[in-house]
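Colleague: Protein sequence lines, in the order shown, are assigned to chains A and B.
FYI, in this note's numbering the residues of the first sequence are 1 to 291.
FYI, in this note's numbering the residues of the second sequence are 292 to 618.
Treat each hint with caution, since some may be false.
Simulated crosslink set (BS3-like; lysine-lysine; CA at most 30 Å straight-line) [what the hints assert, rightly or not]:
| hint | chain 1 | residue 1 | chain 2 | residue 2 |
| --- | --- | --- | --- | --- |
| 1 | B | K300 | A | K287 |
| 2 | A | K287 | A | K160 |
| 3 | A | K212 | A | K263 |
| 4 | B | K496 | B | K300 |
| 5 | B | K472 | B | K369 |
| 6 | B | K496 | B | K472 |
| 7 | A | K163 | A | K286 |
| 8 | A | K286 | A | K160 |
| 9 | B | K399 | A | K286 |
| 10 | B | K496 | B | K399 |
| 11 | A | K163 | A | K287 |
| 12 | A | K287 | B | K399 |
| 13 | A | K263 | B | K300 |
| 14 | A | K286 | B | K496 |
| 15 | A | K161 | A | K263 |
By construction, these hints were calculated from the structure, which means they are not laboratory data.
So the chains spell out like this:
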Amino acid sequence: MNLFLQICIQGLMLGSMYAILTLGYNIIYSTMGMAHYAQGDIMMVGAFFALDFFVTMDLPIYVAIPLSVICNVLVMLVIERLAYRPLYSRSRTLLLLCTIGVSTVLRNAAQLIWGTQSFNFPTIFPGDIIHIGEVYLVPQNLWILGVGVVMMLLLNLFMKKTKVGRAMQAVSMNRSAAALMGVNMQTITMITYGMSAGMATLAGVMLAPIVKVYSTMGVSIGAKVMISAVVGGMGSMPGAILGGLLVGLVEALGGMYISTTFKEAYPVVLLLVVLLNRPQGILGRKKVVKV
Amino acid sequence: MKNTNNSAKVLVPLTAGLALMVPLFLGNNYYYDIFIMAGIYTIIGSGMNLLLGFTGQLSMGHAAFYGFGAYITAIGMKSYGLPFWLCVILAVGFCFAMGMLLGSTSCKLSGIFLVVVTTGFNTVVNLIMVNWEFTGRSFGIPGIPKPDWFGSPMNKLQYCYLVLAFVFLALFVSYRVVHSKTGRAFQAMRDNAIAARSVGVNVNKYKLLVFAVSAVYAGVAGALYASNIGYISPTSFTSNVSVTIITMTVLGGLGDLCGCIVGAVVVGVLMEALREFGDYQLTLYGVLIVVILIFMPKGLMGGLRSLYRRLCSLVSRRRTPAKQEEV
């Protein structure tokens, strides 16, 4: 029972980071109507920036994290300008292909710049292991869980209370109507991508001490992010959180009770089960497609 | 229209003749291998083109089918001593069935949903390859024999012609499929699935069919690959390889039958030419996808075609200036 609780907390901790990444992915999906395949790789680039600033340059963590967020947001905006913007008016399949191309570029460019080895990332939140009954809790994991929850709440506030957040919701409901009501599409686009990249960077920094930093870390995490987005319901914000947490839980529990070799496969099984029963995702709304 | 038909009448035998002549002048094993790989890429690319170019479905799981073909051939020929042709038939059957299975998800899903499911499929298949004793775990399977040719194993030159035969067959089948009722149904589905359904196209049937057929293409390519290279390991069938397959299809031209030849040759030759810069290779592929999508949506072949048309109109304008004035 204690072991089960501990694994659950482990899974929720991973899941909260998947949820943050998925939220970033879903913001792009709902505002831009495009699936951003390169989300995991953007996270990887952010983690490498943090590694450079925090470990190599030895800056204090409260300087290193904002700096890496800024750098990564700039990278994302450059990509958006160069690769995505020319394709907005074309078919969605081409845009999807383009994001696959971008993810290949990022992954391999990172390999050229930072090398193929995996780097250890020191813990940001040191501290002694906490015992509650017979459950052992690593402070780092609790912090990650806490940061995840705070970020979700902040995002929720941002979307509901601020002008920009409301504008983003309006755009996701009806693009042309929002544009006619005076929403500046270019600004909204840039804010969307910027927020998504910023959240991905934070998640990358949080995950870095656990999974290490390497150039292909975006592959498996990116796949899990897309799985959580689909499981929770594409474009749905509560769905992203639910999907992320579920994927994290399934991965941790499967790895503990079945076998760790097939760790990557459990989320896929979850995906298939959900898709077979609810193709629109658990909290997703069914879309009516018209000719 | 008539003009392009006439040019096709000249160009197709010319290209085929050229392809038949080329192996005779290659001379060493290294160039034979490049030629064989270009052929294998053409086969797998034309399968992907049927799926992505003609029906607009994006599969990130084709490296898995490629792997099925390769592993079936490797295990069949090495462990059970089956002849090559039987392995190819087995690979075709197995890939057809697996293609139907994966394709059944595409009846309900499209776009990113399909990408997620097919990526997951590829991940799971690759995990099985790495962990199963039967498939040689992560070491893979060494020492795969060459097919027999009247009692002795084929040499590289003969193998070139075997691959070429499969390439011709693959392209011929693609051509016949695309220019049939089925092919028109495919394109109608790509342009608008609901509209196609409303005029009586059985969308689900055709989606299953095209998935299975393109999986068969990948399986045959895998069989040819395993027997040529003699050693296979799970790293040759990761989702990176799926990206390479998509790269060459996009590069050559989506929905263009000749495109996959151009894409395969360019990627096959580039891969060798860039061997020294092995690290830059995949980065370049990614850049190529993005650049081609933005500047040449019809791929290299589309670019060549429009260039040819412009030349033709230039020539005809020079030749008959009087007629132009009359009009």
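Colleague: Evaluate each hint against the coordinates.
Modeller: Hints and how they fare:
Simply put, K300(B) and K287(A) have alpha-carbon atoms about 47 Å apart, too far for the 30 Å limit, and the pair is violated. A C-alpha spacing of about 23 Å is found between K287(A) and K160(A), which places the hinted pair at or below 30 Å, so the restraint holds. About 17 Å separates the Cα atoms of K212(A) and K263(A), which keeps this hinted pair within 30 Å; it holds. Straight-line distance between C-alpha atoms of K496(B) and K300(B) comes to about 34 Å, which puts the hinted pair past the 30 Å bound.
At roughly 41 Å between alpha-carbon atoms, K472(B) and K369(B) are farther apart than 30 Å, so this suggested pair is violated. Distance hint between K496(B) and K472(B) is fulfilled; the C-alpha atoms sit about 13 Å from each other, no more than 30 Å. As the CA atoms of K163(A) and K286(A) are separated by approximately 28 Å, the hinted pair is consistent with the 30 Å bound. Restraint check for K286(A) and K160(A): satisfied, since their Cα atoms lie roughly 23 Å apart, inside the 30 Å limit.
Only pairs whose Cα atoms come within 30 Å are accepted, and K399(B) paired with K286(A) is accepted, the gap being roughly 12 Å. Our distance criterion of 30 Å between C-alpha atoms is met by K496(B) and K399(B), whose separation comes to about 12 Å. Pair hint K163(A) plus K287(A) holds up; C-alpha atoms about 27 Å apart against a cutoff of 30 Å. For the given pair, K287(A) sits about 13 Å from K399(B) by alpha-carbon distance, which is consistent with the 30 Å threshold.
Of the supplied pair hints, the one linking K263(A) and K300(B) is violated, its CA atoms being roughly 55 Å apart against a limit of 30 Å. A distance of roughly 23 Å separates the Cα atoms of K286(A) and K496(B); the hinted pair therefore holds under the 30 Å criterion. Restraint check: the Cα-Cα separation between K161(A) and K263(A) comes to about 39 Å, which exceeds 30 Å; the hinted pair is violated.
Checked against the numbered hints above, the structure breaks hints 1, 4, 5, 13 and 15 and satisfies the rest.
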